[in-house]
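Please take these sequences and the hints and turn them into a complete structure.
2 protein chains.
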Amino acid sequence: MNQPAPVTLALDAMSGDRGFPVVIEAVDQLVQRGVDTAFIVVGNTEEIRSAWTNVPSTVSFVDAPEVVTMDDNPVDALRRKKSASMRVAIDLVKQGQAAACVSAGNTGALMAIAKFVLKTIPGIDRPAIMAELPTRDGHLYMLDVGANASCTSDQLYQFAVMGEAVASRLMGKAPRVALLNIGSEDVKGNDAVKDAAARLKTSAVNYVGFIEGSTMFDGDADVVVADGFSGNVALKTMEGTALLIGSFLKDAFMRNAGAKLQGLIAKPSLEQLRARMDPRAYNGASLVGLNGIVVKSHGSADAIAFAKAIETATLEIQDNLPATIDRRLNGER
Amino acid sequence: MNQPAPVTLALDAMSGDRGFPVVIEAVDQLVQRGVDTAFIVVGNTEEIRSAWTNVPSTVSFVDAPEVVTMDDNPVDALRRKKSASMRVAIDLVKQGQAAACVSAGNTGALMAIAKFVLKTIPGIDRPAIMAELPTRDGHLYMLDVGANASCTSDQLYQFAVMGEAVASRLMGKAPRVALLNIGSEDVKGNDAVKDAAARLKTSAVNYVGFIEGSTMFDGDADVVVADGFSGNVALKTMEGTALLIGSFLKDAFMRNAGAKLQGLIAKPSLEQLRARMDPRAYNGASLVGLNGIVVKSHGSADAIAFAKAIETATLEIQDNLPATIDRRLNGER
Numbered sequence: 001m002n003q004p005a006p007v008t009l010a011l012d013a014m015s016g017d018r019g020f021p022v023v024i025e026a027v028d029q030l031v032q033r034g035v036d037t038a039f040i041v042v043g044n045t046e047e048i049r050s051a052w053t054n055v056p057s058t059v060s061f062v063d064a065p066e067v068v069t070m071d072d073n074p075v076d077a078l079r080r081k082k083s084a085s086m087r088v089a090i091d092l093v094k095q096g097q098a099a100a101c102v103s104a105g106n107t108g109a110l111m112a113i114a115k116f117v118l119k120t121i122p123g124i125d126r127p128a129i130m131a132e133l134p135t136r137d138g139h140l141y142m143l144d145v146g147a148n149a150s151c152t153s154d155q156l157y158q159f160a161v162m163g164e165a166v167a168s169r170l171m172g173k174a175p176r177v178a179l180l181n182i183g184s185e186d187v188k189g190n191d192a193v194k195d196a197a198a199r200l201k202t203s204a205v206n207y208v209g210f211i212e213g214s215t216m217f218d219g220d221a222d223v224v225v226a227d228g229f230s231g232n233v234a235l236k237t238m239e240g241t242a243l244l245i246g247s248f249l250k251d252a253f254m255r256n257a258g259a260k261l262q263g264l265i266a267k268p269s270l271e272q273l274r275a276r277m278d279p280r281a282y283n284g285a286s287l288v289g290l291n292g293i294v295v296k297s298h299g300s301a302d303a304i305a306f307a308k309a310i311e312t313a314t315l316e317i318q319d320n321l322p323a324t325i326d327r328r329l330n331g332e333r
Numbered sequence: 334m335n336q337p338a339p340v341t342l343a344l345d346a347m348s349g350d351r352g353f354p355v356v357i358e359a360v361d362q363l364v365q366r367g368v369d370t371a372f373i374v375v376g377n378t379e380e381i382r383s384a385w386t387n388v389p390s391t392v393s394f395v396d397a398p399e400v401v402t403m404d405d406n407p408v409d410a411l412r413r414k415k416s417a418s419m420r421v422a423i424d425l426v427k428q429g430q431a432a433a434c435v436s437a438g439n440t441g442a443l444m445a446i447a448k449f450v451l452k453t454i455p456g457i458d459r460p461a462i463m464a465e466l467p468t469r470d471g472h473l474y475m476l477d478v479g480a481n482a483s484c485t486s487d488q489l490y491q492f493a494v495m496g497e498a499v500a501s502r503l504m505g506k507a508p509r510v511a512l513l514n515i516g517s518e519d520v521k522g523n524d525a526v527k528d529a530a531a532r533l534k535t536s537a538v539n540y541v542g543f544i545e546g547s548t549m550f551d552g553d554a555d556v557v558v559a560d561g562f563s564g565n566v567a568l569k570t571m572e573g574t575a576l577l578i579g580s581f582l583k584d585a586f587m588r589n590a591g592a593k594l595q596g597l598i599a600k601p602s603l604e605q606l607r608a609r610m611d612p613r614a615y616n617g618a619s620l621v622g623l624n625g626i627v628v629k630s631h632g633s634a635d636a637i638a639f640a641k642a643i644e645t646a647t648l649e650i651q652d653n654l655p656a657t658i659d660r661r662l663n664g665e666r
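Protein sequences appear in the order of chains D and P.
In terms of the working numbering, the first sequence is residues 1 to 333.
In terms of the working numbering, the second sequence is residues 334 to 666.
Be a bit skeptical, because a hint or two may be false.
[Unchecked claim] Here are the computed lysine to any residue pairs in the SDA-like style, where the Cα-Cα straight-line distance is at most 20 Å:
1) D/K94 to D/S60
2) P/K521 to D/V75
3) P/K427 to P/N653
4) D/K194 to P/P407
5) P/K600 to P/F581
6) P/K583 to D/G246
7) D/K267 to P/K415
8) P/K506 to P/R661
9) D/K250 to P/R469
10) P/K583 to D/N256
11) P/K600 to D/N256
12) P/K415 to P/T402
13) D/K250 to P/R609
14) P/K527 to P/S517
For the record, the hints were derived by calculation from the structure and aren't laboratory data.
Shown next as structure tokens:
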């Protein structure tokens, strides 16, 4: 966990749906904004160099001939693609060449490779994926959103400790931690959730109780803990519902000439709404519980979204996230 | 499963958040619309009668001195409140006095009492709750949305068979059945989901594969099967997201005088959107897998919403739903 100075990030340039052009554009945007981070761009160096007009001085390259695809089985990607951009980028973190890695690639493969190469923090059974979601008055962090399809109460407890550690740094306040459940009464839910609640109540975690999807965005919780199955269902149902409402909104303003005119007039307010729901503003899910910082960008992220994921990784470097989690967890044991 | 003629419904008038006035108003609305169903209104007969101006001729009363509250433990409600309106209404179905029961009460208590009194259809381990949700071009049915906090692959399979049976009648077409999962590939998900998928692939069910929350509302599935935990999370996250977007929309159109004017001008289109997302249009979740028809209304339902739940129950009576499920399941065995 030694940080090279200045802070250096390894960027997997090849694994996203849109390829390396997005990574070039994101880095250019950040450099233009005066960000002084150094970047190691990992991938097909020749192609990337030739496509990049005016490579910034803070950018260096490491060549990686292979690419992990979205269809690759995680285990195969781990075993066979040892010179893939994703693997090389994570290796750079392990070797201390980079303080964090950002990738828009296959989530399962990223998790498998990161876990194998970086290992988990002592006391953590499995890493989790932590995502940022909008709320009425800000945002919340949810974990796990997909790394662990079934979880024990021990894992849920570990997620709570990790989520609190990360959120306290990223939010700059003592976060309120809740467990995602299907009711607010003690008797509700499955055994894992009930047992985790009992344990959290007597822990040092700032645990505020069960929360349901219907009230999750009201702003009463900063960290929502869930098993990777229901957390992923919640995350994706939110996305699906936003798309559904977006299509209903479009239908409503396109149904006839009068409605189209209304839509034109209301455009500034509708743009305001769009900006607040813009998934790019929340891009960058953290793989937490590893001895190293790995941030997963959405596969189809554009440059603005990828730049957001890079910023999240940078914040986590400043906070030395793995060390923070380690300390919290040791304090709890 | 003998149906009295004309069709008679038992209405639990006491257990909803808004009490019997909602039930009175819903029945009045249906009678005004020419619905020829007969209603047995169960509850505090004296109070209800005195509050009801012009009781329709199709309405009769059965007195029930007790009420199951939202805080009642399901087991206590089942054991101790044998003269509660909820219990009496379900007893009327068991006795053949009513062809179905509609209640806006405590879901857990309703499920426990209905299961005890009516019993499950042979081959069904546990009943499920099936809810209707909007999609881009229509609607879908999801089950289980909360009766079973953990489910085996056998149960998921039974939910698929039941969901297909109900939806084929309510939709008037051969429904496409999908399993809610956290990815579309075979390797994704927990064991219960993977095993259920393997079984559904070789069954007579019109199974179309895994579906994710992000694409669930695109119109590619008519029945979405889930365990009661993740199904409930999906349902409530949809509700929470709709509320969140509603509040963002309000913020956008209230942020200054110009935006307020835009909102006034766009009001007809925004009302169009509101109507399509109106939860009242989807009120009425069916308890499926029982030897009898029980429909659960949202606790805070108003008269329009409660009337929708009554209409769902009426459709299920016309289709003799328990017999249909029984036949499908026997055909499958």
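Holds or violated: P/K583 and D/N256, Cα atoms, limit 20 Å.
23 Å, violated
Between D/K194 and P/P407, does the CA-CA distance stay at or below 20 Å?
Holds - the C-alpha atoms of P/P407 and D/K194 are around 17 Å apart, at most 20 Å.
Keeping to a limit of 20 Å between CA atoms, is the pair of P/K427 and P/N653 held or broken?
Holds - the C-alpha atoms of P/N653 and P/K427 are around 15 Å apart, at most 20 Å.
Are the Cα atoms of D/K250 and P/R609 separated by 20 Å or less?
The hint holds at about 12 Å.
Need the status of pair D/K267, P/K415: alpha-carbon distance at most 20 Å?
58 Å, violated
P/K415 and P/T402: Cα distance at most 20 Å?
13 Å, holds
Between the alpha carbons of P/K506 and P/R661, is the straight-line distance 20 Å or under?
15 Å, holds
Assess, step by step, whether the Cα of P/K600 is no farther than 20 Å from the Cα of P/F581, and give holds or violated.
16 Å, holds
Would the pair P/K521 and D/V75 pass a check requiring their Cα atoms to be no farther apart than 20 Å?
Holds. P/K521 to D/V75 sits at ~13 Å (cutoff 20 Å).
For a C-alpha distance cap of 20 Å, please report whether D/K94 and D/S60 respect it.
This hinted pair holds, its Cα atoms lying about 18 Å apart.
Within a Cα-Cα threshold of 20 Å, do P/K600 and D/N256 meet the stated pairing?
14 Å, holds
Is the Cα-Cα distance between P/K583 and D/G246 20 Å or less?
Holds: P/K583 and D/G246 sit about 15 Å apart, inside 20 Å.
Violated hints for the displayed structure, listed by number in ascending order: 7 and 10.
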